[in-house]
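Just so you know, the sequences run in chain order A and B.
3 is the number of the first residue of the first sequence in my numbering; add one for each residue after it.
23 is the number of the first residue of the second sequence in my numbering; add one for each residue after it.
Treat the hints as calculated values from the structure; they're not laboratory data.
Take the hints with a grain of salt, since some may be wrong.
[As the list claims (entries may be wrong)] Each computed DSS-like pair below joins lysine-lysine, with the alpha-carbon atoms no more than 30 Å apart:
#1 B/Lys-185 - B/Lys-261
#2 A/Lys-133 - A/Lys-95
#3 B/Lys-375 - A/Lys-159
#4 B/Lys-185 - A/Lys-81
#5 B/Lys-468 - A/Lys-81
#6 B/Lys-268 - B/Lys-314
#7 A/Lys-81 - B/Lys-375
#8 A/Lys-133 - A/Lys-159
#9 B/Lys-451 - A/Lys-95
#10 B/Lys-314 - A/Lys-81
#11 A/Lys-95 - B/Lys-450
#12 B/Lys-450 - B/Lys-468
#13 A/Lys-164 - A/Lys-138
[What the hints assert, rightly or not] Which bits of chain A does chain B cover? Going by a derived footprint, with three or more residues having C-beta under 8 Å, they are:
#14 17-29
#15 37-46
#16 64-74
#17 106-112
#18 119-128
#19 138-150
C-beta atoms are modelled at their ideal positions from N, C-alpha and C, and glycine is treated no differently.
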Amino acid sequence: MEPNQQSGTELRTGVATYVIEAIVAFCIIIMGAVVLQGSRALGSGWTSDGPGSGYFPFYIGVILCISGAGTLYQALFGKNRNTEVFVDSEQLKRVLSVLLPALVYVLIIQFIGLYVASAFYIALFMIILGKFSRIKSVLTALIVVVLFFFMFEVWFKVPLFKGYFDPLSFLGY
Amino acid sequence: MEELNSLFHGFSVILTPMNILLMFVGIILGVLIGVLPGLGGANGVAILLPLTFTMTPVSAIIMLSCIYWGALFGGAITSILFNIPGEPWSVATTFDGYPMAQNGQAGAALTAAFTSSFIGAFVAVVMITFLAPLVARFALKFGPPEFFAVYLLTFCSFVGMGKGSPFKILASMAIGFALAAVGMDTVTGQLRLTFGIPDLMRGFDFLIAVIGLFGIGEILLSMEEGLAFNGKSGKINAKVVLETWKRLPKYWMTSIRSSLIGIWMGITPGGATPASFMSYGLAKKMSKDGAKFGTGKIEGVIAPETAAHAAGTSALLPMLALGIPGSPTAAVLLGGLLIWGLQPGPLLFVEQKDFVWGLIASMYLGNLVGLIVVLTTVPLFASILRIPFSIIAPVIVVICAIGAYTVHNAMLDIWFMMGFGVVGYLFKKLDYPLAPLVLALVLGDKAEDSFRQAMLVSQGEVSIMWSNPLVGGITALALILLLWPLISRVLAKIRPPKKTKFAAEQPVD
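This is chain B alone, in the form it adopts within the complex (with noise of 0.2 Å):
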């Protein structure tokens, strides 16, 4: 039980007066992020990265990480009271999640949409309590070569699990890893496709790309459909909390199936949305009163929410142990890791035990103040969308500024920044997925690294990527994801496919 004394351990580091107070700030700000349009977790977590420079880097990611539970819990909020999902992965909850609130049951629908996040980030953390440390022993041993056969997997992964044309996600993976190389090319030190403009050598940050894409880009998004936000009200009491805990416990089955897919849709990187609708599907097929979804079911919301909940905190787990983050907002907090000096990957869990099981025991302490705070405060932050969306846009477009400024302290990053901004709204428009492009901005220098070292290796054969049986599977098992479009569709000559129902509705992410 080695891994329960180090997360003893890691509690022990993280109780202090200052960092509990810091996991409130993080909850508050988060709640507050994932309730506004426009901010979401990960540019939320990446605008205020900054003020975060001067904490000590325990500090830094119990509140980061804080303000990352707080917007999960935060985009359920909007979707049941206001029909207005909050955050992509909360669209799912709007289907039975807002009928409720209708006939009048918006406590109930609340209080189990909550409690459901809870237990699916529970699930998901005591998952990676244990699975981390195994993860990353056996990346310990890992090379250049292995490594590069994980980063291909990862992004193969997002074409052959992707939604919509592969074209587009191959695309936006392409102009991230094209930025990515823009700058100081790390291992010959030449400048590479700055076209002789000086302040191009600091390259793109994706920092700056993440607030542009989804900040701007969604507050542009938001004022085209003309918002007017009519919302029901949310009163939460302890009657209703506890008359909903006790109707929870009769769904443990779709509990544990919508935590299982949401593991697994969160370290492969499936990210939170999918799995939300995936669960949401799967629950309808699978519940007696299937038919009745879409009505105001508590099971439509518990499904949805628990997957997104687990799929969120697992995520986590290949940040952690790999260096590979598994998600948008776990690639911001990987950028903050190496800004407060920390060097992501299997060696963090040796070299730093006080960060690494630290955050660990935040992830178990933050979900429980984040549910504390938000059965406690909701009607406070259901009120804040009754601010009119023309106090709101210029206030987010501020906050956007000044996150892009603080990054580098330079004004040419917030040019950037709606540059990005207009992109984000013209790909969000055109169904280009977002989270490839942030993703290959963050890992293009990492995977190019790997395998220019790889290839250093091998004297420049690519037949290094079959060397062992374990990075041939990685690699065979890529280049599988990356040809599934074509593969899939020649199987589907083969025998038809069965119709799946909710491929019609799914979002790309």
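Bound-form chain A, shown alone (with noise of 0.2 Å):
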């Protein structure tokens, strides 16, 4: 794709693959070690009538161990080891121009719900990042967020959620 390539050509920085890529393998055993240790705490042998709860899941606590453990040996000392830059800066701050802005809206959706919490949302995101004029930008949101409503609540009627705020509540919604 040609974007890539452009940011390809310039002098790329960032922290190489392999790194990331044992990090990735550190959680997997992290997450292996929590799991054993779960299902220890059930109990992972037999009891008297067969498995006991911890059985399965300490077996598949132990596939990730191995399977982290693997993947961290290929990273850190395997022969083809992956030095290519994981993200550069320029790429890093476009997923997280997506990423932070998705997180305060799930956040803020606690408080004012879904509906009013995307019209914000959809419309904030067109203004900031998009550069579109704000009655472009009020109004698409606007017109996504009443279509979802009739499509969610009197279409196929599946309530959702609303939070404090709810502007239609008089009629029944």
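Combine the two chains into a complex, taking the hints into account.
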């Protein structure tokens, strides 16, 4: 893809892929250890009536640890260690510009509900990141949200979370 | 011809105006999902699953399976016109589809893609019609050890047939199993791995995982590439369609071969993506002008599309007959069955005749409707990709959030979905396959149940897995597949293998 090649010709700085690879593998080992610990607490052996609750998860934990260790070894000491840059700063900025607003959006949903939060989120995303005019952005956001409202609440009768702020409660939705 | 009678009964079940309408709605939503980056077959069906909670199971499965067919069709539009595969299984379609569009043959390429998708799906549905009842009848004799052996085979074949590091496949699968274990133990009723957090009692729903891993993860990936769409315009008129159809019968051999590859890869959990690559590779090798592949040969469009659709369709066979899905999307459909109160597995063919044959009949009709819809509305869907990404991205995040919320009406699920999204992004970048994770999350509890039941029967003797030729054969095959990465290494030492050209180009699904 073209934009990717353009950013490739510039000097790309960032963390090498094998470092991320190793970190992820390490997280998998930790997850395996947690599962092992949890299933041992449940009883990972055989009970009088067959395998206990923790028997199956115990071996899943073992597989997690083994595969994590294998990947960790391949990442750090393997023959073809991947030293390419995992993400450069430009790419990271772009990813975070989607991820962070999305996290804020999820946080806001807890208070003002899915519909209102979605409208704000789409409008602000378009104004700040898409550089659209305010009227266009607000209109698009409203159209999308009203469409969803009809689709979920009216046509398919699936109620969504509305939070503390429910301007249409008098209609029974 | 008992199957044909049942099939006609199925047609009589689904041919109501409401169901036909749902079919069209499903196909259009599906193509939309297939065209939009970030939404695909699996997470699209997962997000729209809650919409069907109030429908009858037959209407619900018709709509959902039509969404799936639509997504399969939709992937081809973006690959041919924009050189952007909307779905992983349409990557191979870009090799020859986009050059054809550049040569001004976009209409012919699209017609060829859609028609061969239809043919692939049709062959696979015919196969399902006659084979699925047989498999189900056979599977009625299965006990817990046999079922566990089949589960084992499903998961081991990911290791044996997958591309990339076997450690990563194992890790991805084990994460799925570990997440599936969280919550109430189905046998003893104990709480497992909840670490005292009451919200974890419900466990991790795989629908949340699917929406996060495939939806949010894909959005983050597309954003990283800084997508700018500049596509060819796709005009299709009746003349182009007819002219292309005249050219297609010449390639009947490619169609048949690709359908067979697709069916095989679909029933075994190889999936649509490797099927499309394998079929493209074989077509290139066996065609007279294989050297010209990549410059816009119509055969290079027919081969991957036929195989992808055949695989996508036949992935439903093990789901219907055994209750074991062959792909993430089939897994989501299986989750739907459970929600509608149906027990997937061989008994479905005995107890829920209307449902099963309605579904099979809707596969025939749905693909026909799909072919008509996409041939007539391509320009409309192509224009969707001209909508700037800064509008599409937030809307897709909103759709994912709504989809995650509606599964259990729980706010925590939206957070989990975002978490899965980040994991999906990392895993995609590091070549961890996501399909084993999803299937393990769906099948984890069932696989464990059948294992524990088998152990109860045998008083804890593992040798029950070899107690008769059937279960022993399946178990042995599973173990061979599990150890295949090691075996193939040993074989390679003994005699050097032939180099496969496409190995490097194949992504992990």
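Verification of the supplied hints:
With a CA separation close to 42 Å, the supplied pair B/Lys-185 and B/Lys-261 exceeds the 30 Å bound. For the suggested pair A/Lys-133 and A/Lys-95, the alpha carbons sit about 17 Å apart, so the restraint of at most 30 Å is met. The suggested pairing of B/Lys-375 with A/Lys-159 holds, with an alpha-carbon distance near 28 Å, which does not exceed 30 Å. For the hint pairing B/Lys-185 with A/Lys-81, the CA-to-CA distance comes to about 18 Å; that is within 30 Å, so the pair holds.
Only pairs whose Cα atoms come within 30 Å are accepted, and B/Lys-468 paired with A/Lys-81 is rejected, the gap being roughly 39 Å. Pair hint B/Lys-268 plus B/Lys-314 holds up; C-alpha atoms about 21 Å apart against a cutoff of 30 Å. Straight-line distance between C-alpha atoms of A/Lys-81 and B/Lys-375 comes to about 56 Å, which puts the hinted pair past the 30 Å bound. For the proposed pair A/Lys-133 and A/Lys-159, the alpha carbon gap of about 36 Å is over 30 Å, so the pair is violated.
Using a Cα cut-off of 30 Å, the hinted pair B/Lys-451 and A/Lys-95 holds, with the two alpha carbons roughly 16 Å apart. A hinted pair counts as satisfied when its Cα atoms are at most 30 Å apart, and B/Lys-314 with A/Lys-81 does not qualify at roughly 36 Å. Taking the CA atoms of A/Lys-95 and B/Lys-450, the gap is near 18 Å; set against the 30 Å cutoff, the hint holds. Between B/Lys-450 and B/Lys-468 the CA atoms are separated by roughly 27 Å; this keeps the pair inside 30 Å, and the hint holds.
This hinted pair checks out: A/Lys-164 and A/Lys-138 have alpha carbons roughly 25 Å apart, not beyond 30 Å. Look at the region 17-29 of chain A against chain B: 5 of its residues bring a Cβ nearer than 8 Å to a Cβ of that chain, three or more, so the hint holds. Three residues within the 8 Å Cβ limit are the bar, and the region 37-46 of chain A against chain B gives 4, so the coverage statement holds. Beta-carbon proximity to chain B at under 8 Å applies to 7 residues in the region 64-74 of chain A; the threshold of 3 is reached and the given coverage holds.
For the region 106-112 of chain A, the stated coverage by chain B holds: 4 residues have a C-beta nearer than 8 Å to a C-beta of that chain, and at least 3 were required. Only when three residues or more bring their CB closer than 8 Å to a CB of chain B does the claim for the region 119-128 of chain A stand; here the count is 5, and the claim holds. Check result for the region 138-150 of chain A against chain B: holds, 3 residues qualifying (beta carbon to beta carbon below 8 Å, three or more required).
The structure is inconsistent with the numbered hints 1, 5, 7, 8, 10, although it conforms to all the rest.
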